[in-house]
Amino acid sequence: MNEIIIELEEISPKEFFGAQNTNIELLKKYFPKLKIVARGNKVKAFGDEELLEEFDHRINMLLKHFAKYNKIDENTIERVLTSQSSDDYNTSEQSGEVIVHGVGGKLIRAQTANQRKLVESMRENDMVFAIGPAGTGKTYTGVALAVQALKNKEVKRIILTRPAVEAGENLGFLPGDLKEKLDPYMQPLYDALRDMIPAEKLALYIENGTIQIAPLAFMRGRTLDNAFVILDEGQNTTHAQMKMFLTRMGKNAKFLLTGDPGQIDLPRRTISGLKEALLILKNVEGVGMIFLDDKDVIRHRLVKKVIEAYKSIENRE
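Using full-length UniProt numbering, the first residue of the sequence shown is number 1, and each one after it goes up by one.
Mixed in with the good hints there might be a few duds.
Claimed, not checked - Label-pair restraints from in silico Cβ distances: (1) Ala67 - Asp265: 26 to 34 Å; (2) Gly262 - Asp191: 15 to 23 Å; (3) Ile313 - Glu25: 27 to 35 Å; (4) Asn226 - Val284: 21 to 29 Å; (5) Leu302 - Thr210: 53 to 61 Å; (6) Arg220 - Lys28: 19 to 27 Å; (7) Glu74 - Ala214: 30 to 38 Å; (8) Ala67 - Gly221: 27 to 35 Å; (9) Ile6 - Ala240: 28 to 36 Å; (10) Glu25 - Lys68: 19 to 27 Å.
Simulated from the structure, these hints should not be mistaken for lab results.
Beta carbons: idealized from backbone N, C-alpha and C, even for Gly.
Please take these sequences and the hints and turn them into a complete structure.
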């Protein structure tokens, strides 16, 4: 039986192995044909030579990640172990650069290959579509890029919008005035902003209009100059709404449109404006399109399994 020994140098074995060796247990799950033993500052693996080479490659990717970020979690391990190539999971110096320093010193980075492609595409294009399932960081990365542009004085304001389409709920039955009725729809945008801008400053920005959060209907008739504009949940726009939004683009504007074509809440037989726009604009110069997938999910690891389970059912239908 073949054997390899990997010694951890200048890295805390306790932190790398995880509490009660949870990270090592995850490695065992992905390499069931290998016998993996972690003791002291060494990881030993026994088994087939080809599998050992793959194991050596993957664990070295994890060690590089840990050396760079001084932390590792289940999502990181899963991304590294399931990536098809180094392009899918790149641990080079260029990867994961800080987009913005968030509240409490939190470093907001693009964490996956496709999120980094999104960052790069926003640099190269004034209009970008970010398409992918829930939890892939589309909106969060986009808001970080908007906050970065505002801090760097590249734009004068941030405008965040989404169509107020109910996913089974009825807007008319919700309590409160119009703002109170609409706020639940805007909550994911508020959540992202709170991670990146201190509460008092965020309140001031919202009060003076530097940051505007509004339903898509409020965009009609406006020309959006010197702004970073994000349309979230774009799959729930109609043809007319999408056309209206895209033609609001003014001078020195950046437009990011996010959406998940698999989660359309529009009435039956209504064509999604997002799906249509992806076809119409796919060859237009200056328009970027980034497609995120299950490998980019950075929520709880169960989210990835939920997406996969639903996908198998939807494919059968």
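Hint-by-hint comparison with the structure:
One distance hint, 26 to 34 Å for the beta-carbon pair Ala67 and Asp265, is violated here, with the actual separation near 44 Å. The hinted window of 15 to 23 Å between Gly262 and Asp191 holds, with their beta carbons roughly 22 Å apart. Between Ile313 and Glu25 the beta carbon distance is about 29 Å. The supplied range of 27 to 35 Å therefore holds. Checked against the hint of 21 to 29 Å, the C-beta distance between Asn226 and Val284 comes to roughly 22 Å, which is consistent with it.
In this structure the hint that Leu302 and Thr210 lie 53 to 61 Å apart at CB is violated, the actual value being about 37 Å. Separation of Arg220 from Lys28 is about 56 Å and departs from the stated range, judged on CB atoms against 19 to 27 Å. Distance hint for Glu74 and Ala214: a CB-CB separation of about 37 Å, consistent with the stated range 30 to 38 Å. In this structure the supplied range 27 to 35 Å is violated for Ala67 paired with Gly221, their Cβ-Cβ distance being about 53 Å.
The hinted range of 28 to 36 Å is not satisfied by Ile6 and Ala240, whose Cβ atoms lie roughly 59 Å apart. Here the CB-CB span from Glu25 to Lys68 is close to 23 Å, well matched to the stated 19 to 27 Å.
This entry does not satisfy hints 1, 5, 6, 8 and 9, going by the numbered hints stated previously.
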